[in-house]
Amino acid sequence: MELINPGLGLFFWMVLVFGIVFFILKKFVWPPILQSLKDREQHIEESLQMADATREEMKKLKLDNEVLLKEAKEEREAMMNEARKVREKMLEEARVKATAEAERIVESARQQIENERKAAIIDIKNQIAEISIEVAEKILREKLQTPKDHEQYIQKLLDSKQLN
Amino acid sequence: MKFLLKCFPIWGFFRKIAANFNETPILSEEAIMRFLRKTAFFTHFIVFISFYFAMSAFASQDGHDAQATHEVEEFNPGDMIISHIVDSYDWHILSIGHTHISVPLPIILYDEGQWHFFLSSRFEHGHASYKGYELAKEGAIKGKIIRYAADGSIVRPWDFSITKNVFGVFVSSILLIVIMSYVAKAYKKTNKHAPKGFQSVIEPIILFVRDEVAIATLGKDKYMRFAPYLLTIFFFIFFNNLLGLIPIFPLGANITGNIAVTGVLALFTFGMITFSGNKNYWAHIFNTPGVPWWLKIPLPLMPIIELLGMFTKPFVLMIRLFANITAGHIIILGFISMIFVFGQTSASAGFTMSILSVLMSVFMNFLELLVAFIQAYVFTLLSSIFISMAVEEHHHEEGHEAAH
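Those protein sequences? They're chains Y and E, same order as listed.
Numbering follows my numbering, in which position 51 of the first sequence is assigned residue number 51; successive positions increment by one, without gaps.
Numbering follows my numbering, in which position 374 of the second sequence is assigned residue number 374; successive positions increment by one, without gaps.
Since the hints were derived computationally from the structure, they do not count as laboratory data.
Built from N, CA and C at the ideal position, the CB exists for glycine as well.
Take the hints with a grain of salt, since some may be wrong.
[Claimed, not checked] Label pairs and their calculated CB-CB ranges: (1) Y:Ile44 <-> E:Ala216: 13 to 23 Å; (2) Y:Asp64 <-> E:Ala216: 15 to 25 Å; (3) E:Lys185 <-> Y:Asp64: 47 to 57 Å; (4) Y:Gln49 <-> E:Ala216: 52 to 62 Å; (5) Y:Lys59 <-> E:Pro289: 23 to 33 Å; (6) E:Lys192 <-> Y:Leu69: 36 to 46 Å; (7) Y:Gln35 <-> E:Pro303: 33 to 43 Å; (8) E:Pro247 <-> Y:Asp39: 33 to 43 Å; (9) Y:Ile44 <-> E:Ile174: 54 to 64 Å; (10) E:Arg225 <-> Y:Gln42: 46 to 56 Å.
[As the list claims (entries may be wrong)] Far from chain E, by Cβ distances over 12 Å, these chain Y residues were calculated: (11) Lys60; (12) Lys62; (13) Asp64; (14) Asn81; (15) Glu82; (16) Arg84; (17) Ala120; (18) Lys125; (19) Asp159.
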């Protein structure tokens, strides 16, 4: 049976050829392929892990951001409140100051007006006195033309004095 | 063409593998078409070469037709099938009448300290002798080169001829190296990115062998040591199985269906097992743990069984691959033979039978495509399992530690 009778020549050539094929493939073909496959798998694995880590970090960052935002909001609120208070205080002070100033001004004005009034009154009095004297002089000149008139008048004055 | 590809179940199989083991884009029809276009030149080249050889062979035929005419004109399917399956000194392509078209191959003989080189066409298909050598006409060595010694006894010279199968192994090995180098180059180029073109045809198979065979049996830390060997035998067997199905000249030799070829492959696996076997492996053979002492002393029953086991493992590998591939070829050839067997009774019977035979042969060819893959897988898987058994760090130590 030739079918199950291995040929010696074929056996020899087969050992040689398969040996060479194995050597060439083992030396030049499989290492780059297997290495490349390994590298690629590692690359994919790393990429996936990195993506996961990044996602996690993003989540954390988002949370952090929210906290930060909240804090900022609170701070702003507090600052606003303080500012409002300060403003009110300042307004109050200003109002108080202004009132005082106004009062002072009004007071001084009043003082001045009083002084002016007094001066005016004095002036008027003086003028009235002068005018009165002038009028009195004129009247007297008119009325006391005779010495008898003088006497009569003096008498009258004296009478009224006595009455007082 | 697309229809043909759709009918081709093995592509579906590969696609499934690709989808399962690899998340890279699945091989598209466009990619296959592109590959076919790219390889068109190569195909033309092969056809041209075949034609050239055929013509030269034709030219080399000088009429021994006259001698042939008295041969009995009867179709013998058994002879036909066997002659197609076994190795031969020339590559028979076609016979028209009594003119055989075949490619002569070099004969290399070493006899009585002398080398002889000549072409197989010198034998004129066994009808002539050359330098005293001729093809044996009968007996267990029928078709082999013999020489009659002075006393009339048969002498067989050392025969290193480039036979049909040797030539086939050369062709497929060159093809394998060229294709794999191309793929390796593609890997260097794409590196960490998705595979491209023909690389993506081969990648799922490489991943399959690596993950389902090497890593599955040897484990993650040891597989790198044996993966090159496992990949090599897988692709060598797979390639030769597939090429053995293509009945065009430089391909189609029944390589993996030859017991010498499978024997060498099994021998390599045997070598890998034996040379990588660790202390535990040898201890297991010569001092099998866990069996009663009287099975080892005085009669070393267990060591004998284990030693036999060392050889039966590769022997079974050899027989399995040889038998499976040969059986496939025999069935296909059997269907083809039926046409002629029926044709001898009447032409119409032969014609009717041819329809059935062609259908069955086509079916068998598809089945053989599957078998080509499965047998390569089985051979590789079993080799891998045997190697893993030889390099296993044994549980006995674990058992000892547990006992402490």
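Now for the hints, and whether the structure bears them out:
| no. | hint | in the structure |
| --- | --- | --- |
| 1 | Y:Ile44 <-> E:Ala216: 13 to 23 Å | holds, 21 Å |
| 2 | Y:Asp64 <-> E:Ala216: 15 to 25 Å | violated, 46 Å |
| 3 | E:Lys185 <-> Y:Asp64: 47 to 57 Å | holds, 49 Å |
| 4 | Y:Gln49 <-> E:Ala216: 52 to 62 Å | violated, 25 Å |
| 5 | Y:Lys59 <-> E:Pro289: 23 to 33 Å | violated, 55 Å |
| 6 | E:Lys192 <-> Y:Leu69: 36 to 46 Å | holds, 40 Å |
| 7 | Y:Gln35 <-> E:Pro303: 33 to 43 Å | holds, 42 Å |
| 8 | E:Pro247 <-> Y:Asp39: 33 to 43 Å | holds, 41 Å |
| 9 | Y:Ile44 <-> E:Ile174: 54 to 64 Å | violated, 35 Å |
| 10 | E:Arg225 <-> Y:Gln42: 46 to 56 Å | violated, 19 Å |
| 11 | Lys60 | holds, 29 Å |
| 12 | Lys62 | holds, 30 Å |
| 13 | Asp64 | holds, 34 Å |
| 14 | Asn81 | holds, 58 Å |
| 15 | Glu82 | holds, 59 Å |
| 16 | Arg84 | holds, 62 Å |
| 17 | Ala120 | holds, 109 Å |
| 18 | Lys125 | holds, 117 Å |
| 19 | Asp159 | holds, 143 Å |
Hint compliance for this structure: hints 2, 4, 5, 9 and 10 are broken, all remaining hints hold.
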